[in-house]
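Each protein sequence line maps, in turn, to chains C and D.
Heads up: the first sequence at position 109 corresponds to 109 in the numbering used here, and the numbers run straight through without jumps.
Heads up: the second sequence at position 135 corresponds to 135 in the numbering used here, and the numbers run straight through without jumps.
Just so you know, these hints were derived from the structure itself, not from any lab.
Among these hints, one or two may not hold up.
Computed footprint of chain C on chain D; a stretch qualifies when at least three of its residues, placed anywhere within it, have a C-beta under 8 Å from a C-beta of chain C [as the list claims (entries may be wrong)]:
#	segment
1	144 to 158
2	164 to 171
3	239 to 253
4	308 to 317
Every residue, glycine too, gets a C-beta built ideally from N, C-alpha and C.
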Amino acid sequence: MAAPVLSIENLRTRFFTKRGVVRAVDGVSFAVTRGQVLGIVGESGSGKSTVGFSIMGLIDPPGRIVGGAIRLDGRDLRQLTPAEWRRVRGRRIAMIFQDPMMTLNPVLRIDTQMIEAITAHERVPRATARDRAREALGRVGIGAPDERLAAYPHELSGGMRQRVAIAIALLHRPEVIIADEPTTALDVTLQGQILAEMQTLARDSGAALVWITHDLSVVAVLANDVCVMYAGKVVEQGTVDNVLDRPLHPYTRGLIASVPSRHPPGRPLPQIPGMMPSLMQLPLGCAFRDRCTRASDTCRSDPPLYSLDERRVRCFHPHVEEDEAASASERAEEAP
Amino acid sequence: MLLFVLRRLLQSIVVLLAVSGLVFAGVYAIGNPVDILISPQADQAEIARTVAALKLDRPLWEQYLAFLQHAATGDLGRSFVFDAPAIGLILERLPATLELAASATLIAVGLGIPLGLWAGIRSGSLAGKAILAGSILGFSLPTFWAGLMLILVFSVELGWLPAGGRGPTQSLFGVPVSFLSWDGLAHLVLPALNLALFKLALVIRLTRAGAREALTQDYVKFARAKGLSEARVIGVHVLKNILIPVVTVVGLEFGSLVAFAVVTETIFAWPGTGKLLIDSIGVLDRPVIVAYLLVAVTLFILINLLVDVLYSILDPRVRMAQAGG
Ligand SMILES: Nc1ncnc2c1ncn2[C@@H]1O[C@H](COP(=O)(O)OP(=O)(O)OP(=O)(O)O)[C@@H](O)[C@H]1O
Ligand SMILES: [Mg+2]
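When you get a sec, could you build the whole thing from the sequences and use the hints?
As structure tokens, then:
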């Protein structure tokens, strides 16, 4: 297997707010290779965006990355000076944000916002930069690019704006693209279109794609690997085939069961009961245990992330065949 | 756009009419100028003659109607004291006031935006807190006291700048201005600073609040995600969004700057309309007071119109809405 272009090791990011410390990302590790897609799934507030912003070096105070490494081609970005990290952003790692209505500056024209993205990393004449911007718009399927370039963001639809953001992200052919739920704010037909386009664009440019979403069905069609996050931690990670077809963690199971398309119509959709606990006052032990039907007294201590059945899982009581179950929980307790 | 301007002008005339009525009644209520204008030794006949000459014996509504008739031709009455057209007296002094107000605005914006940006971006730092504290002080210091302190420090103690008067003026397109000569500029600095103080505090706070808000916005994060330099993120992405409220407020406040100039002009003996107004109130020179207030209101209306136009130039979203509706 090729060496990963991006690998995250034990990343920990916290927000030091007045009301307490938020452990938004707590020991997340993963790796992606070129041409591959990694899905990060989890419900709202599980720390997915914070992972993305940490990789970009864009955690604003009161937040701070407190531990771990973010390696791009083996080089830890956290060791870079701010100026060096700036040169990575947009050029080697690009990010597309959650809400296309908010990501473009409302008082600057599209051409300004695209050209500055080019000239931030390359010394090219304005006219050349403009040509490249026009081409980039064409690549993401925007017609009449000259007209769009002269427009302000509010003159474009949501889908159009997200395409502009994608075009900006692709400008420098980055090695890694982080897409933070780029289609959630769009209607369903557009979602499918943009999804498919992103997939081709990433494959053509050979970029590694980190796709953040709370929608498992998107991961199922798009990703090679998946990380399931809960309350700032990875609870299960592995290939999409393994994790989605044979989920081991009760939370992953719950997520899959609540996907509408996988469920016979007419019957109520099963929901995971309860709510994710506040990341400010996480109870000791498994953060999911209050919502978990399999929880036992063992779950009052922290479950480690350990290897089982060709993936990694963080649970004392994974959904495995009965005869395997005993050995699995033994292994869990032995793991460091 | 043209329609918009026309409609606004029509509204303005109605406002002017209403204000003139109010002002007229108000000034009438203040007191009888005859008591002040005519020497105590004058006899009954002389008083009657003066009163008749000034048409002060007519009922109020008749005086007002006569005033309106003349006003329609641009004549706002003759000053009792100077025996000259009131409007002429005011227009003669208007450049001095406008120059003072414009200089104060320049100071408020030129200093206020950088300071406010600094305070907004580094709101936790010592400098940021000091700027904020300074702006609170600027809000709460009375203008006349600050003016006296400026004179005390820079004129009396240090002797760097003149304490009052306008100094020599040069003619720029036929308008007398101070800022073209060093001596004139020296005369302008203290009063302009005094007048600017309050607005400076306002601009600092507006800019600071705007910067803090903009910095939490996705578009700033996205600008950083593109790898833009911090200078470009702040100087273009943040600043351009802040400019909209700042320009609007500063523009709208220009009128109140002209009004506040009354205090500053009195302290610094600046020969502008404010000083004329105070002098005229002292002797109940009604036509001048009325004319001043009407000119001030006209100025306010013009400024509002200008700000609306400027605002739509700065904010593309407003531009759209106007084109559409
Ligand atoms: N600037 C901040 N200050 C304080 N807490 C923050 C900040 N940003 C995020 N958090 C907290 O960090 C946690 C993770 O947030 P994050 O935005 O990463 O979640 P997410 O998984 O992306 O959720 P969503 O699906 O809603 O986008 C949340 O509990 C959130 O409240
Ligand atoms: Mg998010």
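Going down the list of hints, with the structure as the test:
no.: 1; hint: 144 to 158; verdict: violated (count 0)
no.: 2; hint: 164 to 171; verdict: violated (count 0)
no.: 3; hint: 239 to 253; verdict: holds (count 3)
no.: 4; hint: 308 to 317; verdict: holds (count 4)
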